[in-house]
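Asks: Chains as they are written, first to last, in my numbering: chain C, 1 to 154; chain P, 1 to 278.
Hints listed in this document are in silico derivations from the structure and should not be mistaken for laboratory results. Among the hints, erroneous ones may be present.
[What the hints assert, rightly or not] BS3-like cross-link-like pairs, simulated, lysine-lysine; straight-line CA separation at most 30 Å: (1) C:K21 to P:K206; (2) P:K206 to P:K235; (3) P:K206 to P:K174; (4) P:K89 to C:K115; (5) P:K29 to P:K2; (6) P:K242 to P:K207; (7) C:K21 to P:K235; (8) P:K206 to P:K242; (9) P:K89 to P:K2.
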Amino acid sequence: MSEFELTVNGSRYAVRAEPRKLLCDVLREDCRLTGTHVGCEHGVCGACTVLVDGRPARACLIYAVQMQGSSITTIEAIAAGGRPSRLQQALHEAHGLQCGFCTPGIVMTFEAYLKENPRPSEEEVRDVLSGNLCRCTGYQNIVAAILKAADAEA
Amino acid sequence: MKPAAFRYHRPRSLAEALALLAEHGPQAKLIAGGQSLGPLMNMRLAQPAELVDLNSLAGLDFVNENEDAIEIGALATHHALATSPLVRKSCPLLAEAAQSIGHYAIRTRGTLGGSLAHADPAAQLPLVAATLGAEIVAAGPRGERRIPAAGFFVSLMSTVLEPDEILVSVRVPKAAPGERHAYLQFSRRRGDFAIVAVATTLLVDKKGNARNLRLGIGGAEDKPVVLTDFASGEKPDAVARKAREAVNPAETPRVPAVYRRELVEVLARRALLEAMGK
């Protein structure tokens with residue numbers, strides 16, 4: 001067992017876990033932040049995407065013990081004060097989700113990406129979205145929502 | 001899909017990391033971005049007893065310029081390579097290939113050193129390092145040594161690095177004035193490893209002929225293949241046919257050897273035409 005501290009969404013969590021415990025599992029089971037979803041557990045589906053020091057990362061390819069000294073942001077931090085972000089609002093308005101399992105990963109990926117590239121082309125959006133699998137195959141409306149959010153940010 | 005238990009080490013200096021490798025030998029495995037090792041450990045294809053995390057080694061993510069090369073630290077991410085103005089200007093083939101790796105959230109974690117040391121025969125960075133004639137710098141208990149990329153890759157996921165060595169940086173020659181390049185890969189889905197990938201650099205003379213042609217091929221064999229033995233002005237069709245004949249792909253259940261050969265020829269021709277038209 002290792003004992004260490006994690007900084008998640010600006011709060012500190014004292015964690016006692018085996019070094020092999022994945023960040024996504026520690027977030028869900030130890031920090032009780034269940035908004036981060038766990039899909040494939042080998043870095044393919046993108047459902048567990050969180051931000052590490054502002055950059056998107058697969059939480060299933062990181063051991064929580066590695067994150068001492070890093071700042072982690074999860075989906076729980078995005079709707080600040082209960083108000084959805086522009087991207088969340090756009091996903092709502094464009095019906096950019098069906099079952100919603102992949103949605104937290106998509107929101108985290110694009111919260112970061114739209115900061116880096118605030119006015120992406122549709123091709124760029126589709127390219128980045130290729131890292132997040134949606135098994136409801138609702139990509140059309142997800143793309144529309146992201147472009148809508150990008151427009152609103154302009 | 002949970003990794004086997006391991007002991008976690010987080011050295012603060014290169015000397016400390018080397019000491020851990022010396023102590024634990026082949027039981028120890030280095031982790032940087034974890035984008036290749038992570039899946040292998042989750043699937044228990046890799047079960048290192050000692051995991052040595054390099055992420056606290058300060059200053060290993062640099063991108064520096066000197067007269068004829070760009071020096072890049074092993075911990076520089078694919079995203080950093082793809083977006084660095086220095087890399088884009090002086091080693092545009094490297095930047096372009098890095099941009100095609102995996103997905104956004106993979107590129108922000110995966111590292112140059114990790115990809116080279118992992119040595120997947122279909123990966124972008126081993127192919128580009130071999131094509132550009134990069135030099136790989138490894139630190140070990142006997143000091144530092146420089147290894148030409150052409151002699152670095154041994155076979156599938158195997159390199160000449162010793163168990164007690166750490167890949168610390170890579171020296172990539174700058175593109176010559178007027179040099180053109182292309183990187184093309186074929187994979188079934190965006191972000192997958194290539195079935196075949198091709199990288200090329202060349203100059204175009206006043207008659208429009210290719211000179212100083214270097215053609216790298218990934219995915220066709222167990223390590224990158226680099227061809228440079230072309231006559232000045234050799235036509236893309238002829239180069240592509242030579243490339244097809246030069247490779248000896250394995251028969252695999254899902255990809256017949258003849259299919260990879262065909263891809264080598266098609267991609268080589270397209271890459272040359274693209275580079276010459278640029």
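Asks: Taking the hints in turn, state whether each one holds.
Replies: Now for the hints, and whether the structure bears them out:
1. C:K21 to P:K206: 60 Å, violated
2. P:K206 to P:K235: 15 Å, holds
3. P:K206 to P:K174: 22 Å, holds
4. P:K89 to C:K115: 24 Å, holds
5. P:K29 to P:K2: 17 Å, holds
6. P:K242 to P:K207: 22 Å, holds
7. C:K21 to P:K235: Answer violated: K21 (chain C) to K235 (chain P) is near 55 Å, above 30 Å.
8. P:K206 to P:K242: 24 Å, holds
9. P:K89 to P:K2: 42 Å, violated
Checked against the numbered hints given earlier, the structure breaks hints 1, 7, 9 and satisfies all the rest.
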